[in-house]
Amino acid sequence: MTDPAHDAGAPDLHAPDVHAPAALTACPSCGEPLPVGAKFCEACGASLGGADSAPAEPEPGSVADEAAPIDLASGPVSRLTRAGDGAPAAAGPQPCSQCSGVVGADGYCETCGSKALSERDHFRQQPVAWLAGVCDKGVVHHRNEDAMAMSASPDPTAPDRRAVLVVLDGVSNTDDSCLGSLAGARACLPVLAAGFPQGVGTPASRMGAVAQVFARAALVANTQVVAATTPGTTRPASATFTAVVLEGRTLVHANIGDSRCYWLPDAGAGVQLTVDDSAAQAQIVAGVPRATAESSPQAHAITAWLGADSPSIEPTVGRLDITGAGWLLAVSDGLWNYASEPAQLATRIAAAGTIEPAALALALVQFANAQGGRDNITAVVARVADLGAGHNAPTAPAEPGESHG
Amino acid sequence: MAEFTAAVYQNEFLPDGGTDVNAIVTLSCVGAGTAGQTGGGAAGEVIIVDISGSMGTATMNAAKAAAQAALAEIVDGTWFAVIAGSDRAYLAYPTVTSGPGMVAMSGSARKAASSAIEAFRSSGGTAIGTWLDLAVTLFGSVPEVTQRHAILLTDGENREQPGALDAAIARATGVFQCDARGAGTDWQVEEIRRIAQALLGTVDIIGSPAQMRAQFQDMMRSAMARGVADAQLRVWSPQGAQVLFVRQVSPTVEDLTARRTPLNALTGAYPTGAWGDESRDYHVAVRLPAKAIGQEQLAARVQIALGDSVAAQGLVKATWSNDSDLTAKIDEQVAHYTGQTELASMIQEGLAAKAVGDEATATTKLGRAVQLAAETGNEEATAKLRKVVDVTDEHEGTVRLRKTVDKADEMALDTASTKTTRVKK
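Line order of the protein sequences matches chains P and W.
Counting from 1, one number per residue, gives the positions in the first sequence under the numbering used here.
Counting from 1001, one number per residue, gives the positions in the second sequence under the numbering used here.
It should be emphasised that the hints constitute simulated quantities derived from the structure, not laboratory data.
Heads up, some of the hints might be wrong.
As the list claims (entries may be wrong) - Partial pick of chain P residues on the chain W-facing surface, computed with a CB cut under 7 Å:
(1) 96
(2) 112
(3) 113
(4) 114
(5) 118
(6) 120
(7) 139
(8) 140
Every residue, glycine too, gets a C-beta built ideally from N, C-alpha and C.
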């Protein structure tokens, strides 16, 4: 017999995983014995409170810090009766992300054995009924470097409605990106949630002012990404930056890197709002078919990003006036890798068969995981209601166009 | 208050498509206390002594002294009885014909039981099944005894109808634990090992009457130091997984796989009997559906439970990786005990082949045993093997069967075959 037992190469593989005997207390709800540190009772599911289950602090400047009021007149999305505060930490026990089984006090599912994801590896937000997001580690990567932030006004049918969707995708071959991306996404949200400059100057100058808001948001996010970088590292934290703001009937979007925004109306063809800063996009511009370019080895090399070594932190800004109802999406490449064309995403939305933003965001993430989950996956989705034939609120400039802020 | 801890040794990394997870789980108990003294019910001891006609004067006298020495080790207050066995079983002490068949140990009871043992006269045959059945009856007559243990001494082969002993073993399984000893060389190792394995006890040969007293003292002393009356090994595996085997691998190899009773859809329970202050190692192998590279999951929760409460838990994990530096390594403990388990079967199969005159098979298997004993550092097995075979090359496992072998040495090799050594740190 060969004797690998005496191979001295990996002593850490033999390090015992020692578990001291659990001192038991009892569930206040049903009396079931509980191990110390349990966050919920495995027998009855009662939440046991404690610091770990307290929701994280609300995001500063969110326009929707309070739960959305139930508005029975506002259409199908009003079915949701409870909305979170936008914090990543959901109170109470989270079922297993793989099989919906009960997660044990040891951090593994009691049915399928899957490791329960940490709150950084999988988090969900729904600040109001019509806006939700899911940010997920995916299958292959060891940690989640994607991040998202969002806020919206309570009533999706109000003429002055507003929604902000932000996605930052931390670059995985750098250090600290998972910290930088989340801090960046959270920090830039108040900048975008504050509202655009109104009624000043020509449409072109107003668009320039709006573009400056996005540029400022990118700068704020960049400051956080740079701050997350360990001093002296040769691989500074880096992230993409993508944001889209719905104001009334107007969408304004901005991006650095290859996280995307899509507008997918219920009627008619959808559009990809952002244009990637990527090697693949450069090839597409040069005439290479999209499918070929996006599957090339260098497809995911981005040509612009946030971070200490960024060549430029000026986002590409664009706008679109919309009519009718539809879905507004901000997503990372972990999702669009598996559904790049707007029509493909529309197919996935139809397959999900839901008009609940939270359910759709989860369905899109699950779809990407089912396809292999080769990257972190983020889907932020807003269910945009039809405002009818009324006048558009006087917001962004009426002139379509693209500008560098 | 007894405290258990669990430690897991494994390589959790599986290659792409890999399905089988192996782990050694060490369960340790401290603060076990004394049998019957920890508030979990009373302890009972039954001493079973062969008084068949084959017991010569020297053996009989040694057996009497040994049984009396065992009495001295039984803590006062412990329920006990003495059985004299030949072609039927006699309740030698207490001398009752109805009601409780055991009494609480005291100075006077010890004296009276000693006198009863002194009066043993050898005659008749050997029907071990009837001895086990009487022990079952005695334990059943005192319901407050929850920790039940017997020591059994025989010097001969069982002479019951085929199947009678197995049926009696089945009736005793789960009722009491039994350490069994064979005196001389006229008994069958395989037969007595079957009793000890089913009844969660040890088996050994007592080569000379002079060793008997010390062996009985040791057995009874260990039994009295098991303050944890009964513990259950539990193995949870995920939905869709298959538990390939569950083996105790230290201090001895005992395959528990077939002794699983389902606790729920995903958890099986295995008996481990009473515990003193000790450590036992278990080898658990689980087959999982393969997952994608990067996925991590739990392959097993290995728990030790006292009654309904889990006293300690070890987590066996699986992580799929495409890094062959991680996935190719076999954990040192897993490799060690895999070798020790094979060593036990090689010794047993080699001796069985030798007994039926198949020298070629015996030479191959015992040669492999010599090789494994050397590789895993089992010096006791090496020493015992060298009394049965002449070793040409330890590392190649080339041996010759010795022309003349002391029967007692061969039986000692057989009874000790399941004893394992731990990984040297």
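Can you list which hints this structure breaks, lowest number first?
1, 5, 6
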